[in-house]
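Enquirer: Here is how the chains run, residue by residue.
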Amino acid sequence: MDKRDEILKIFSLNLRRVISSLELDYEKLQEIRLRVNGPLIVIYDNKEYFITKDSNLVNLQEEAYLVSQNEIRETMEYISNYSMYAFEDEIKQGFITIQGGHRIGIAGKTILENDKIKNIKHISFINIRLSHQIKGCASKVLPFIMNGTEDIFHTLIISPPRCGKTTLLRDVIRQLSNGHSKFLGQSVGVIDERSEIGACYMGVPQNELGIRTDILDCCPKANGMMMLIRSMSPRIIAVDEVGSKEDIEAIEYVINCGCKLIATVHGSSIDDIKTKPILGRLVREKIFERYIVLNNRITVGNVEEIYDARGSIVYKSGV
Amino acid sequence: MLITKIIGVILTVCSSGAIGIYFSDRIKDRMNELKELKKIILSLRGDIRYAMTPLPEALKVIASRHEGKFETFLEHLSKELNELGGITFQEIWKKCVEEDLNETALTKKDKVYLGQLGENLGYLDKEMQINTIDLYISQLETEIEELTGSMKEKTHLYNCLGIMLGIFIAIIII
Chain A
1 MDKRDEILKI
11 FSLNLRRVIS
21 SLELDYEKLQ
31 EIRLRVNGPL
41 IVIYDNKEYF
51 ITKDSNLVNL
61 QEEAYLVSQN
71 EIRETMEYIS
81 NYSMYAFEDE
91 IKQGFITIQG
101 GHRIGIAGKT
111 ILENDKIKNI
121 KHISFINIRL
131 SHQIKGCASK
141 VLPFIMNGTE
151 DIFHTLIISP
161 PRCGKTTLLR
171 DVIRQLSNGH
181 SKFLGQSVGV
191 IDERSEIGAC
201 YMGVPQNELG
211 IRTDILDCCP
221 KANGMMMLIR
231 SMSPRIIAVD
241 EVGSKEDIEA
251 IEYVINCGCK
261 LIATVHGSSI
271 DDIKTKPILG
281 RLVREKIFER
291 YIVLNNRITV
301 GNVEEIYDAR
311 GSIVYKSGV
Chain B
1 MLITKIIGVI
11 LTVCSSGAIG
21 IYFSDRIKDR
31 MNELKELKKI
41 ILSLRGDIRY
51 AMTPLPEALK
61 VIASRHEGKF
71 ETFLEHLSKE
81 LNELGGITFQ
91 EIWKKCVEED
101 LNETALTKKD
111 KVYLGQLGEN
121 LGYLDKEMQI
131 NTIDLYISQL
141 ETEIEELTGS
151 MKEKTHLYNC
161 LGIMLGIFIA
171 IIII
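Chains as they are written, first to last, in UniProt numbering: chain A, 1 to 319; chain B, 1 to 174.
Honestly, the hints are just simulated from the structure, not real lab data. Think of the CB as a built atom: it goes at the ideal place given N, C-alpha and C, for glycine as much as any other residue. Be aware that a few hints might be false.
Now the stretches of chain B that chain A is said to cover, found in silico as 3 or more residues with beta-carbon under 8 Å [claimed, not checked]:
{"id": "1", "region": "52-63"}
{"id": "2", "region": "121-130"}
Calculated cross-link-like contacts (lysine-lysine; reagent style DSSO-like; alpha-carbon spacing at most 30 Å) [unchecked claim]:
{"id": "3", "chain 1": "A", "residue 1": "Lys116", "chain 2": "A", "residue 2": "Lys245"}
{"id": "4", "chain 1": "B", "residue 1": "Lys94", "chain 2": "A", "residue 2": "Lys121"}
{"id": "5", "chain 1": "A", "residue 1": "Lys274", "chain 2": "A", "residue 2": "Lys140"}
{"id": "6", "chain 1": "B", "residue 1": "Lys79", "chain 2": "B", "residue 2": "Lys39"}
{"id": "7", "chain 1": "B", "residue 1": "Lys126", "chain 2": "A", "residue 2": "Lys116"}
{"id": "8", "chain 1": "B", "residue 1": "Lys60", "chain 2": "A", "residue 2": "Lys9"}
{"id": "9", "chain 1": "B", "residue 1": "Lys152", "chain 2": "B", "residue 2": "Lys38"}
{"id": "10", "chain 1": "A", "residue 1": "Lys3", "chain 2": "B", "residue 2": "Lys60"}
{"id": "11", "chain 1": "B", "residue 1": "Lys108", "chain 2": "B", "residue 2": "Lys60"}
{"id": "12", "chain 1": "B", "residue 1": "Lys111", "chain 2": "B", "residue 2": "Lys39"}
{"id": "13", "chain 1": "B", "residue 1": "Lys108", "chain 2": "A", "residue 2": "Lys9"}
{"id": "14", "chain 1": "B", "residue 1": "Lys60", "chain 2": "A", "residue 2": "Lys92"}
{"id": "15", "chain 1": "A", "residue 1": "Lys109", "chain 2": "A", "residue 2": "Lys92"}
{"id": "16", "chain 1": "B", "residue 1": "Lys126", "chain 2": "A", "residue 2": "Lys121"}
{"id": "17", "chain 1": "B", "residue 1": "Lys126", "chain 2": "B", "residue 2": "Lys28"}
{"id": "18", "chain 1": "B", "residue 1": "Lys95", "chain 2": "A", "residue 2": "Lys121"}
{"id": "19", "chain 1": "B", "residue 1": "Lys79", "chain 2": "A", "residue 2": "Lys3"}
{"id": "20", "chain 1": "B", "residue 1": "Lys126", "chain 2": "A", "residue 2": "Lys118"}
{"id": "21", "chain 1": "A", "residue 1": "Lys92", "chain 2": "B", "residue 2": "Lys126"}
{"id": "22", "chain 1": "A", "residue 1": "Lys121", "chain 2": "B", "residue 2": "Lys79"}
{"id": "23", "chain 1": "A", "residue 1": "Lys9", "chain 2": "B", "residue 2": "Lys109"}
{"id": "24", "chain 1": "B", "residue 1": "Lys94", "chain 2": "A", "residue 2": "Lys9"}
{"id": "25", "chain 1": "A", "residue 1": "Lys121", "chain 2": "B", "residue 2": "Lys60"}
{"id": "26", "chain 1": "B", "residue 1": "Lys38", "chain 2": "B", "residue 2": "Lys108"}
{"id": "27", "chain 1": "B", "residue 1": "Lys95", "chain 2": "A", "residue 2": "Lys9"}
{"id": "28", "chain 1": "B", "residue 1": "Lys35", "chain 2": "A", "residue 2": "Lys109"}
Throw the hints in and build the complete structure from the sequences for me.
Expert: Written out as structure tokens, the structure is:
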């Protein structure tokens with residue numbers, strides 16, 4: 001199933017008709033946003049457009065197709081495969097990952113139990129973020145991550161949302177796992193808490209992560225890192241979007257076990273990360289040996305700067 | 001003339017007896033199908049309880065493991081659900097119950113219960129699914145129990161009635 005089909009099948013019949021008639025390059029399509037009684041919006045090639053009833057991309061809100069409550073309800077039925085119960089844990093976190101690794105963000109009325117979010121009802125806002133696999137996008141940063149021909153540096157990829165950090169991480173994993181003329185492929189353990197990296201569907205990764213990669217799908221990062229080290233003895237551990245206290249404790253465990261770590265985090269710079277209460281400590285203690293900072297100034301996934309453990313720039317983009 | 005009459009009597013008694021056997025077999029078939037249905041629903045409950053498997057996937061896996069009379073029903077259900085064609089789960093379930101179970105010995109009441117199961121599946125959380133399935137299983141168990149109690153008498157009755165009816169018609173003909 002190609003990306004177009006993966007995306008189109010989750011929409012209600014009406015929306016499917018409108019979106020399928022658009023002439024889109026799905027590689028450039030980044031987001032589709034549905035809001036109850038709001039206009040149908042796409043982020044395409046880094047720009048925002050409204051979609052009209054006649055399936056055209058326009059800049060005028062007045063011409064936009066308005067999404068109804070029923071269309072959102074029908075779309076949610078398809079997203080969850082008629083089985084909302086199967087996504088209870090994901091819904092608590094506010095998103096569902098579908099076949100192909102695309103992330104569906106949802107918002108509505110939260111139901112609380114003992115001050116914790118139990119579920120979300122009356123889902124009225126949906127944000128579909130398309131997952132992109134760009135093979136070779138990590139080639140530029142790999143020489144800065146590699147430490148000889150068999151080892152790598154502990155690396156933290158820092159990026160604001162929608163700047164391609166998961167895409168970069170995916171390709172880094174693939175290349176380190178497969179190896180190439182200057183680097184011997186290493187066993188990589190991936191903890192894919194949100195099924196975004198490998199996009200496993202019924203246990204089978206939909207994205208290529210390399211021949212020496214083991215994936216723990218839908219597993220909490222902190223538990224997963226320890227589990228993988230004990231069970232699969234990886235040389236490299238890769239995780240997406242670290243940040244919680246448990247994550248940081250697990251990172252320390254990984255590093256003390258002699259494994260190398262590649263992680264991503266939301267942020268805009270090293271200084272930004274230093275201000276984070278728990279992760280900031282790891283930066284100050286110089287645990288990470290490489291920091292890759294991304295932006296989307298020229299294109300999504302643009303590598304802005306790469307720093308070493310002391311914060312000295314080892315690479316700087318011209319933009 | 002006598003031979004013709006004898007042949008006629010034999011044919012009448014045999015065909016009438018066969019009708020009796022057919023009806024008694026229907027009762028046995030219904031019993032087996034209710035038990036098979038229970039097995040299927042238990043598998044579905046297991047898939048939901050332990051693996052939180054979405055319904056289309058769970059039904060497809062169960063269909064691949066069962067070769068009985070419900071295979072078509074399960075496969076059709078899973079196929080329709082995967083098509084995401086603009087109809088609700090309840091409508092798809094009802095449609096499949098109506099279309100795919102005509103060859104079975106299930107009664108109208110059995111189909112109504114099965115149809116009601118589909119009305120609440122997929123809705124709300126895991127607990128709701130388990131409760132809905134448990135309710136249906138208890139309904140199935142009641143039916144199986146009632147049928148077990150009366151099956152021996154009923155099959156015997158149908159067999160006897162068939163033959164008796166044949167003899168009765170034969171006497172009238174003679």
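Enquirer: All the hints need checking, so say for each whether the structure fits it.
Expert: Hint by hint, here is what the structure shows:
Only residues whose C-beta sits within less than 8 Å of a C-beta in chain A count toward coverage, and the region 52-63 of chain B has 6 of them, enough to reach three; the restraint holds. Remark: the region 121-130 of chain B is confirmed as covered by chain A, as 7 of its residues place a Cβ nearer than 8 Å to a Cβ of that chain, reaching the required three. Using a Cα cut-off of 30 Å, the hinted pair Lys116/A and Lys245/A holds, with the two alpha carbons roughly 18 Å apart. The hinted pair formed by Lys94/B and Lys121/A meets the criterion: a straight-line CA distance of about 26 Å does not exceed 30 Å.
With a C-alpha separation of about 26 Å, the suggested pair Lys274/A and Lys140/A falls inside the 30 Å cut-off, and the hint holds. For the hint linking Lys79/B to Lys39/B, the alpha-carbon distance of about 21 Å falls within 30 Å, and the restraint holds. Taking the CA atoms of Lys126/B and Lys116/A, the gap is about 18 Å. The hint holds against a cut of 30 Å. For a cut-off of 30 Å, the pair hint linking Lys60/B to Lys9/A stands: about 19 Å separates their Cα positions.
Taken as a hint, the Lys152/B and Lys38/B pair is honoured in the structure, with Cα atoms around 21 Å apart against an allowance of 30 Å. Only pairs whose Cα atoms come within 30 Å are accepted, and Lys3/A paired with Lys60/B is accepted, the gap being roughly 24 Å. Between Lys108/B and Lys60/B, the direct Cα distance comes to roughly 25 Å. Compliance with the 30 Å bound is thereby established for this hinted pair. As the CA atoms of Lys111/B and Lys39/B are separated by approximately 16 Å, the hinted pair is consistent with the 30 Å bound.
Our distance criterion of 30 Å between C-alpha atoms is broken by Lys108/B and Lys9/A, whose separation comes to about 35 Å. Restraint check: the Cα-Cα separation between Lys60/B and Lys92/A comes to about 27 Å, which is no more than 30 Å; the hinted pair holds. Between Lys109/A and Lys92/A, the direct Cα distance comes to roughly 11 Å. Compliance with the 30 Å bound is thereby established for this hinted pair. The hinted pair formed by Lys126/B and Lys121/A meets the criterion: a straight-line CA distance of about 15 Å does not exceed 30 Å.
Distance check on the hinted pair: Lys126/B and Lys28/B sit about 35 Å apart at the alpha-carbon level, beyond 30 Å; violated. Of the supplied pair hints, the one linking Lys95/B and Lys121/A holds, its CA atoms being roughly 28 Å apart against a limit of 30 Å. In summary, the hint linking Lys79/B to Lys3/A is supported, as the alpha carbons are separated by about 21 Å, within the 30 Å threshold. Only pairs whose Cα atoms come within 30 Å are accepted, and Lys126/B paired with Lys118/A is accepted, the gap being roughly 12 Å.
With a C-alpha separation of about 14 Å, the suggested pair Lys92/A and Lys126/B falls inside the 30 Å cut-off, and the hint holds. Between the alpha carbons of Lys121/A and Lys79/B the distance comes to roughly 28 Å, so the proposed pair stays at or under 30 Å and holds. Distance hint between Lys9/A and Lys109/B is unfulfilled; the C-alpha atoms sit about 36 Å from each other, more than 30 Å. With a CA separation close to 23 Å, the supplied pair Lys94/B and Lys9/A stays within the 30 Å bound.
A threshold of 30 Å between alpha carbons decides the hint, and for Lys121/A with Lys60/B the separation of about 28 Å falls inside it, so the pair holds. Between Lys38/B and Lys108/B, the direct Cα distance comes to roughly 17 Å. Compliance with the 30 Å bound is thereby established for this hinted pair. Between the alpha carbons of Lys95/B and Lys9/A the distance comes to roughly 22 Å, so the proposed pair stays at or under 30 Å and holds. For the given pair, Lys35/B sits about 42 Å from Lys109/A by alpha-carbon distance, which is inconsistent with the 30 Å threshold.
Hints 13, 17, 23 and 28 from the earlier list are contradicted by this structure; the remaining hints agree with it.
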